[in-house]
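2 protein chains.
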Amino acid sequence: MDQPIGVIDSGVGGLTVASELMRQLPKEQLIYLGDTLRCPYGPRPKEEVIQYTWEMVEFLLEKNIKMLVVACNTATAFTLEQLRQKLDIPVVGVIQPGARAAIKMSQNMRIGVIGTEGTINSKAYPKALQIINSKIRVNDWACPRFVPMVEDGILSGSQALKVVYESLKPLKDKNHIDTLILGCTHYPLIRDIIQEVMGEHVHIISSGEETAREVSTIMGYHKKLYNGERVPQHKFYTTGRLDVFEKIAKIWLDQSINFVEKANISKD
Amino acid sequence: MDQPIGVIDSGVGGLTVASELMRQLPKEQLIYLGDTLRCPYGPRPKEEVIQYTWEMVEFLLEKNIKMLVVACNTATAFTLEQLRQKLDIPVVGVIQPGARAAIKMSQNMRIGVIGTEGTINSKAYPKALQIINSKIRVNDWACPRFVPMVEDGILSGSQALKVVYESLKPLKDKNHIDTLILGCTHYPLIRDIIQEVMGEHVHIISSGEETAREVSTIMGYHKKLYNGERVPQHKFYTTGRLDVFEKIAKIWLDQSINFVEKANISKD
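In order, the protein sequences belong to chains A and B.
Under this note's numbering, the residues of the first sequence are numbered 799 to 1066, in order.
Under this note's numbering, the residues of the second sequence are numbered 799 to 1066, in order.
Rather than coming from a laboratory, the hints here were simulated on the basis of the structure.
Any given hint could be a false lead.
The list treats identical chains as one, so a pair stands whether inside a single copy or across any two.
As the list claims (entries may be wrong) - PhoX-like, lysine-lysine: derived pairs with alpha carbons at most 20 Å apart:
hint : residue 1 : residue 2
1    : Lys921    : Lys844
2    : Lys921    : Lys861
3    : Lys925    : Lys1022
4    : Lys972    : Lys933
5    : Lys902    : Lys825
6    : Lys925    : Lys825
7    : Lys960    : Lys970
8    : Lys925    : Lys1021
Using the sequences and the hints given, assemble the complete structure.
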């Protein structure tokens, strides 16, 4: 099974998922496509997100991928089910892995979820949690200031701490959650600050780590793991500016990327 | 999908897996079969373990299970592949989930594994770890004194601490593992002592918790999760003495079991 794993995202956030895939499955080759030109998907109408996601998927299917990872919370919420129905390769999204990991970690079954307004309004996390255990109390909370801050490169320091503190205070004060799901792929970059604000007793669940784990599970189950020895050559595609993508990727992956090309995917 | 999940084990160790399944998937109904009469499987020849495991599987298939969990490390090592080939329901063992969780947790990719002599000699954990990442350094170590101690009900106190300390000292001293897999379903009952002996910096991975998580993943993926509301009625079967099983189950599950019956499965 030497084909690559395909990873799609509305932009660069999915790089946290790609980074964990590279760490947890170091023999697997990735093809990443970030639709940076049309990012963010969060505020777009559902039909548009579905159309854009299919355009990304068709681009990757031509690259002969063995599995598809939807590394974007909004795209997962709107398209996962139809992708699974229509594709004959395994498809994994970012929402269920985070939900399952939270259920495993939580002792009091009071689980917090933070994300963009789009993801929080979709109620995808409460649904994924409560279909498994209807007694779980979910406190979900939109943090609209986090993505712009992370994209501006503000990942630590007093300004970041202030934004995180102000955003999370209502969630921290009113509830007794023991587990918090980072329901946005940008948030792992400010994980340490979120942990500091929430306190050491709260388990932080990163959907990226958990998604990589479930990709491993599903691929192992379907006998799709690469079996030999190799140093994989990952490929990155972006619909936006190459230089910007390359620069951000270097920071987010903590390594330079060797292959990055422009992808033209729009059918409009 | 209101059928039960089948769980097999050579005895009572798999109750730690059952307990986590009940916690993480509270709507799912379990049918547990423990072959306490012929326990332990660890020292038995491979062919015998395979025969006994198939006898358990056939008993559960007649109960119309939707999924099979092999909650025994020895049985997983010897039969998982053939069960997956021959059964048309999903089959999950305890080894791969523990391995994948360790890969997720470890930062230095030095992973320890403890288990019975049978499991350690089978090299099933090193194989499962290194097929994914051949650079992982695995230190595996048999702890033959743990199972008899746990089965005698010695789960805390100075005697337990002494046995755990003496058993783990060579593993602790010589290596720099940051993650330790409990490769035996009895060990979660002495997890706190193992943590104390290994030190707070070592992540302890319980195969039971991780297996329950992967059962959830695989069932979600195959759309086999129960979808409505119910309080499931679990059923327990044992090939050995009912009163002994019932007493141990109450301690291990931290609740009484309502249904326990004798199972006659031997074809000899």
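These are the hints, each one checked on the structure:
1. Taking the closest pair of Cα atoms, Lys921 and Lys844 come within 20 Å of each other only inside a single copy of the chain (14 Å); across copies the shortest separation is 49 Å, beyond that limit.
2. With identical chains, the CA atoms of Lys921 and Lys861 are never at most 20 Å apart, being 33 Å at best within one copy and 37 Å at best between copies.
3. Proximity of Lys925 and Lys1022 under a CA criterion of 20 Å is satisfied inter-copy only: 16 Å between copies versus 29 Å inside one chain copy.
4. In this homomeric assembly, Lys972 and Lys933 come within 20 Å of each other (Cα to Cα) only inside a single copy, at 19 Å, whereas the closest approach across copies is 46 Å.
5. Taking CA atoms no more than 20 Å apart as the test, Lys902 paired with Lys825 passes between copies only; the shortest distance there is 15 Å, against 28 Å inside one copy.
6. With identical chains, the CA atoms of Lys925 and Lys825 are at most 20 Å apart between copies only, with a shortest distance of 15 Å across copies and 34 Å within one.
7. Taking the shortest Cα distances, Lys960 and Lys970 sit within 20 Å of each other inside one copy (14 Å), while across copies they are farther apart (42 Å).
8. For a Cα distance limit of 20 Å, the shortest separation of Lys925 from Lys1021 across copies, 15 Å, qualifies, whereas the shortest one inside one copy, 30 Å, does not.
In summary, the structure is inconsistent with hint 2 from the numbered list given earlier, while agreeing with all the others.
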